[in-house]
Amino acid sequence: MYKKIFVILLLVCVVALAWTGGQKEEGKTVYLRMYYPVGVAGPLAQLMDSMISEFNKSQKEVYVESIFAGGYMEAMDKAQTAFLAGNPPDLTVLDAPNLLTLLDIGAIIPLDDFIAQEGGQRYLDEFTPGFLPIGQYNGKLWSIPWQRSTPIMYYNRDFFREVGLNPDRPPRTWDELADYSAKLAKRDGSGNVGRWGVEIPNDYWVIKPLLVQAGGEGDNEAGTHILVDSKEMREVYNFLYKLAYEMKVSPGITPWSQSVSDFAAGKTAMLYHSTGALTYIRNSTKFDFGTAFLPSFRRQAVIEGGGNFFLFKTNERHQAAAWKVVEWMTRPENTAKWSLGSGYIPVKKAAFDVAEYKAYTDEWPQALVAYRQLTEVDVERNMMTHRMNEIYDLLNVLDENIRGNPDKSFIDKALRDAQAGADKILAKWQ
Amino acid sequence: MGLLSNRQRSNLIKSYLYILPAFLFLLIFTYYPIFYAIFISFFRWSTDYPQKVFAGVQNYVEILKGDLFWKVAWNTLLYSVSTIFISMALGLFLAVQINKKVRASGVFKVALFYPMMIPLAAAALIWLWIYIPTYGLLDHLLSGLGLPTLPWLNSTETALWCIVAVGVWKHVGYYMILFLAGLYNVPSELLDAATVEGAGGFHRFWRITFPLLSSYTFFVFIINIVDSLQSIDLVYIMTQGRPADATNLMVYYIYQQAFRYWNMGVGSTLTSMLTIFLLICVAVIFSTIGRRIYYEV
Numbered sequence: 069m070y071k072k073i074f075v076i077l078l079l080v081c082v083v084a085l086a087w088t089g090g091q092k093e094e095g096k097t098v099y100l101r102m103y104y105p106v107g108v109a110g111p112l113a114q115l116m117d118s119m120i121s122e123f124n125k126s127q128k129e130v131y132v133e134s135i136f137a138g139g140y141m142e143a144m145d146k147a148q149t150a151f152l153a154g155n156p157p158d159l160t161v162l163d164a165p166n167l168l169t170l171l172d173i174g175a176i177i178p179l180d181d182f183i184a185q186e187g188g189q190r191y192l193d194e195f196t197p198g199f200l201p202i203g204q205y206n207g208k209l210w211s212i213p214w215q216r217s218t219p220i221m222y223y224n225r226d227f228f229r230e231v232g233l234n235p236d237r238p239p240r241t242w243d244e245l246a247d248y249s250a251k252l253a254k255r256d257g258s259g260n261v262g263r264w265g266v267e268i269p270n271d272y273w274v275i276k277p278l279l280v281q282a283g284g285e286g287d288n289e290a291g292t293h294i295l296v297d298s299k300e301m302r303e304v305y306n307f308l309y310k311l312a313y314e315m316k317v318s319p320g321i322t323p324w325s326q327s328v329s330d331f332a333a334g335k336t337a338m339l340y341h342s343t344g345a346l347t348y349i350r351n352s353t354k355f356d357f358g359t360a361f362l363p364s365f366r367r368q369a370v371i372e373g374g375g376n377f378f379l380f381k382t383n384e385r386h387q388a389a390a391w392k393v394v395e396w397m398t399r400p401e402n403t404a405k406w407s408l409g410s411g412y413i414p415v416k417k418a419a420f421d422v423a424e425y426k427a428y429t430d431e432w433p434q435a436l437v438a439y440r441q442l443t444e445v446d447v448e449r450n451m452m453t454h455r456m457n458e459i460y461d462l463l464n465v466l467d468e469n470i471r472g473n474p475d476k477s478f479i480d481k482a483l484r485d486a487q488a489g490a491d492k493i494l495a496k497w498q
Numbered sequence: 075m076g077l078l079s080n081r082q083r084s085n086l087i088k089s090y091l092y093i094l095p096a097f098l099f100l101l102i103f104t105y106y107p108i109f110y111a112i113f114i115s116f117f118r119w120s121t122d123y124p125q126k127v128f129a130g131v132q133n134y135v136e137i138l139k140g141d142l143f144w145k146v147a148w149n150t151l152l153y154s155v156s157t158i159f160i161s162m163a164l165g166l167f168l169a170v171q172i173n174k175k176v177r178a179s180g181v182f183k184v185a186l187f188y189p190m191m192i193p194l195a196a197a198a199l200i201w202l203w204i205y206i207p208t209y210g211l212l213d214h215l216l217s218g219l220g221l222p223t224l225p226w227l228n229s230t231e232t233a234l235w236c237i238v239a240v241g242v243w244k245h246v247g248y249y250m251i252l253f254l255a256g257l258y259n260v261p262s263e264l265l266d267a268a269t270v271e272g273a274g275g276f277h278r279f280w281r282i283t284f285p286l287l288s289s290y291t292f293f294v295f296i297i298n299i300v301d302s303l304q305s306i307d308l309v310y311i312m313t314q315g316r317p318a319d320a321t322n323l324m325v326y327y328i329y330q331q332a333f334r335y336w337n338m339g340v341g342s343t344l345t346s347m348l349t350i351f352l353l354i355c356v357a358v359i360f361s362t363i364g365r366r367i368y369y370e371v
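For the protein sequence lines, the chains are A and B, in the order given.
Going by the numbering used here, 475 is the number at position 407 of the first sequence; the sequence numbering is gapless.
Going by the numbering used here, 340 is the number at position 266 of the second sequence; the sequence numbering is gapless.
Some clues are possibly wrong.
Unchecked claim - Derived pair list, reagent style PhoX-like, types lysine-lysine, alpha-carbon separation capped at 20 angstroms:
no.	chain 1	residue 1	chain 2	residue 2
1	B	LYS139	A	LYS481
2	A	LYS481	A	LYS299
3	A	LYS481	B	LYS145
4	A	LYS492	B	LYS145
Don't read these hints as lab results, they were simulated from the structure.
Small disclaimer: the values here were computed from a predicted structure and weren't measured.
Starting from the given sequences, assemble the full structure and let the hints guide the process.
Here you go:
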């Protein structure tokens, strides 16, 4: 008797589960899945989900399920695996330099037809300059900018005042950065670090700017070769070595996400990080902080970065619906909203004039530093190669290997080994 | 079959039918993937080779020639041997202590078992915070005591041991409970008799309790080996193998190769190597130590 009741209950549960799982919003005819990453600190997943639900309410045809997929790397793992297993998401936000890998596995579709439909060149001209090129390959456009950024320098103005530095005059060169760091770093009675002068996290995205500032070149246009073992790269690592082990004003190893907490906790006076963390830092700090261009060396230069929308190969109906989502999300008022919530640079020019965004930047011009950097200094493309994740990991491991090692003579060997490793990974493409 | 009566035959068929669902699951989700991985390990299959190309044992040769494989293998060995040794010794020690009818032993049991019940992802995040250099809990305590602080997960020298500590902390309560179950089954007459004969505490443990526990110890040992050689979760959440592959363990390395880099051939080769290694380990252990285990308590 009990057995029967149990079995019946179980069946009811299964049916209920299946029913809720398969339930879609009433009246909608296209159901899309979108993977997206969060690459910086802060509750951006909530903002993304709320924007997508706003999109869902804005029209009667398409229902999008937004699926948080971890950091940039994890999101790419998931999207790639889902595609190769035959069950791709309809659209994704992914790190823009994943383009070549996505093309190599044949996962994505070009967007030129949709763009023509929106007005062609006139439509493209609406975008903030500098963000489209990384989506172009073989004469086609494969992705649309979404959460775009440059690395900037955050600095604690209270600490500047404390040690007698002018808070309106952040360091402009590598030499000044070293001097300022020496003044700002602090140790306690037992010799433990109380505060670092500057933190430059272990991520190639903040290393490449140093390389281009030294006049070096990292990766070629076609994404088939990277240069690691170069005079300029040695200069970069000698400089970082000086900060970490000679002056002891910067940690050798700082994970990307931890560096933001370090800055917010007052454990570092200056920080190299994405502009995308701006809103989070603003909301989670009580002290007075500023943002500035990255200090320069031979060239005043920086790189761009961040995530773009990619449309996966599904079917025409889904692709057309996915485009609608992309078009809606990148409208000036929506990209402005995303920028307000994160600190990313709006991807449409008109967004800068959206009332809410304008009021924000008028009140707090710091928010425009990343955009000004994008327009006022030389901007190089983010690193993009075939077998991107493998190369990226190799460069980050190299960075941690060198900067975690107090032996300076190790730099040469590490760079040579990494070059050999990179050449092997890209052997087929050279 | 002629030897079996109809009744026996129908019983036999019934038995097979009962194990069929479980067997199908094993077949589809365990045996088939193992053999498929071994099959794939003889092919090049990656973003460079979207179509599988037969490569013989080339994948195996290249993996064995690479430095990273040996680094990862060494990390995995260090991680496994130390977590197995520490968590078994500690689990047994705690079980014996709690079994001494201490006051409020229930509280201790719950307290020690508690880490097992915290979702691993949450536990890993808590530990990440504990390990943050300079203002994390550990460094905060150390500097408060005027001691030198450590960079914990941010140093290639200490990172792996930090992961070991979390692994031990997470599992030791579970092993303790298993040992405790064993201890309850040690007949007190034997221990009392030994006491009468004048045996000390250490002798009673070493000559009576420990041998009688051997089937439990053996079980804990086997699951510990399999668990630790296959662990990936802590590494995935806490360090992603960083810094500089200092915490890269074999299964995470497989994940990187197969799903992050889409080098399916290499990933499958590593999987096959790990599976075969584990099989050999377990077979050797069963045929050596396993033969000397005392099962009837």
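- prompt: Of the numbered hints stated previously, which ones are contradicted by the structure, given in increasing order?
  reply: none
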